[in-house]
Amino acid sequence: MTLNVNQVFISMIRNRIYQLLINEKIREKKFLVPIHLAMGHEAIATAIKFSCINNDSVFCTHRNLHYNVAFSKSFLSEYNELILSKDSNSQGKLGSMNLFDSNTPIKYSSSILGNNLAVACGYAFSGKLGNNSIVYAVTGDGAIEEGIFYESLLFAKSMGLKIIFIVENNSWSLATKIIERRSPIDLKKLSDSFDIEYTNLKTNDVVEYVNAINLARNHVVTESLPHIIEVNLSTLGYMYTEEGRCINYHAGLAKNISLSVDDVILSRKDNEDPLYILSKFIGSEAFEILVSDIFKEENLVPR
Amino acid sequence: MKLVDHLNNKLRSIVCSSNAETIFYGQNINAGSCLGGLTKNLNNIDNLRILNTQNSENLLTGIGFGISLNNINSYYFMKQLDFLLLGIDHLVNTLNIFRLMKLNTTNGIFCILSDKGYEGPQSSFNSVSSISSIGNLDFFQLATAADVDILLEKHFFSNKFKVFCVSQTLLSSNLITLEPSNFQDDIFKYGLGRDLNIILFGNSMIYFEEIIKEIDINKCAIYSVNNQNQNNFEFIIDDIPIGGNILIVDDDRSLNKTSDRFLRKVLHLNKFSLKIIQREFLLSDLSPGPDRLMLKDIGL
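Protein chains in written order, with our numbering: chain A, 1 to 303; chain Z, 1 to 300.
These aren't lab readings, by the way, just hints derived from the structure by calculation. In this text the structure is predicted, and so the values were computed from the model without any measurement. One or more of the hints may lead you astray.
Derived pair list, reagent style DMTMM-like, types lysine to aspartate or glutamate, alpha-carbon separation capped at 25 Å [unchecked claim]:
id: 1; chain 1: A; residue 1: K25; chain 2: A; residue 2: E288
id: 2; chain 1: Z; residue 1: K296; chain 2: Z; residue 2: E210
id: 3; chain 1: A; residue 1: K86; chain 2: A; residue 2: E24
id: 4; chain 1: Z; residue 1: K102; chain 2: A; residue 2: D56
id: 5; chain 1: A; residue 1: K177; chain 2: A; residue 2: E242
id: 6; chain 1: A; residue 1: K202; chain 2: A; residue 2: E146
id: 7; chain 1: Z; residue 1: K102; chain 2: A; residue 2: D87
id: 8; chain 1: A; residue 1: K128; chain 2: Z; residue 2: D46
id: 9; chain 1: Z; residue 1: K275; chain 2: Z; residue 2: E209
id: 10; chain 1: A; residue 1: K280; chain 2: A; residue 2: D263
id: 11; chain 1: A; residue 1: K128; chain 2: Z; residue 2: E21
id: 12; chain 1: A; residue 1: K157; chain 2: Z; residue 2: E21
id: 13; chain 1: A; residue 1: K202; chain 2: A; residue 2: D56
id: 14; chain 1: Z; residue 1: K296; chain 2: Z; residue 2: E119
id: 15; chain 1: Z; residue 1: K160; chain 2: A; residue 2: D101
id: 16; chain 1: Z; residue 1: K189; chain 2: Z; residue 2: D238
id: 17; chain 1: A; residue 1: K25; chain 2: A; residue 2: D262
id: 18; chain 1: Z; residue 1: K219; chain 2: Z; residue 2: D195
id: 19; chain 1: Z; residue 1: K102; chain 2: A; residue 2: D101
id: 20; chain 1: A; residue 1: K157; chain 2: A; residue 2: E197
id: 21; chain 1: Z; residue 1: K219; chain 2: Z; residue 2: D239
Excised from the complex, chain A in its bound form (with noise of 0.2 Å):
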């Protein structure tokens, strides 16, 4: 597959444009619903994005704005799902946590741990995926710990189904880190217990992923086989108390962030904000001049 990264680059930019506009109207208090905003995930959204093809289907958790966002035309298609219009593709009746457009690869979205898992399931094993169609199933290290996670490797093994299970590791479930609340889980092993392929991708770097994400389905496809893409990450929108505690985001606004051409770039430490690693990678210039031309073409005006 002949891959446009100009392409690649602009969808990863404006996915985070689109959620710096959505968290802008959550300070203005446009939305009714709670909205889990995946700001530091839009790498592993714009990869699968790219990754999908023929009739590839996506089944998410309730953060998933950042693959809605991928996918859709536009903003506004967006925005209006979440203040509930009946003109939204449906009609505001999904909210935000079971948010998910059919026209879309994305057929269904959960706001129960892990119960996007046994739809997934269900689907990859209904047999009439076509021979080149996968199913990535999104989920998180909190819902791995929910025995579902487990009975759905399990299945999928068994059944030889043709799914890649997305792990979106942001170390926090809700207001507790992994540390606080249960020992660690090694994924790989667990996933070599089931004799499932894995694989870890932790450097933000959208190109990598979508050469990962090809890999591994590629695989999947060839051997009917499930993968694991464990995906490390940090969900951006954190801030810490004047004793130093980080207090994480989970959900609603971001409050130390605004919409605006230099806060595109959210964080400049280490791998966490795939931007910054694109920006390292294309030049800050032309980083710039891409935000630039996105700003231009949705008519933003920045705070």
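Chain A is already provided as a structure; the job is to place chain Z on it using the hints.
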């Protein structure tokens, strides 16, 4: 013939005649006794896949919804109603989303209610109305030839999620072949008499033959409320004359009984003479033991 054989035959004929692509799946449904014969001999049907699965009831309750996204019907067959407790999330939350989708396929559950007694306290669950209520879903009890022939035919491929449930006792018993004298929606009436009107809710059709022996079916009527999601009882209320004697039998241990819904509709009418026999949750009543109402003790 036993109920299980009639049911098995009906399942085969419904699936064959529909040509709709269908999957039956569940633990041990195509091995060993095939759930006491319920799912035997269902191989070699072109449009049916039948599959033995792992022991993962939460997952298995949910995959039916995913299957329906691909325009394929499916039923999860389970040996014991209790298995469904592990999949309650799907009966409520997943079902809510699929209700909005309005697909042209069906998926559902086919289960057996453990009511033979003596299998222990963890085989005492019979709160079918609670399951129906928690998801606001259709929950059909199949007890007689008529139930199988009419209800299964009508609802099996309807575009709604539903549960079909069969009493373990009745499954291996001789088939009740008495034809209903009338029926409306999912309520069947047996007999034409007026002396006594007996209304059976929950799993109470297990008392049908015992009741038939005690009464004269030509002088009495028995109504079976076969769908625990039933909310329209006009068929019964309009059918029984003013001053009629009604005996309600509800074997369901739930605190939210289908018969309570009926009582809410009739009590204020002050039209009938009512006697109510409802199962309560009593520790002493839990299996191992007969695990049933003793109708003779309560003066039937």
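Failing hints, ascending?
No hint contradicted; all consistent.
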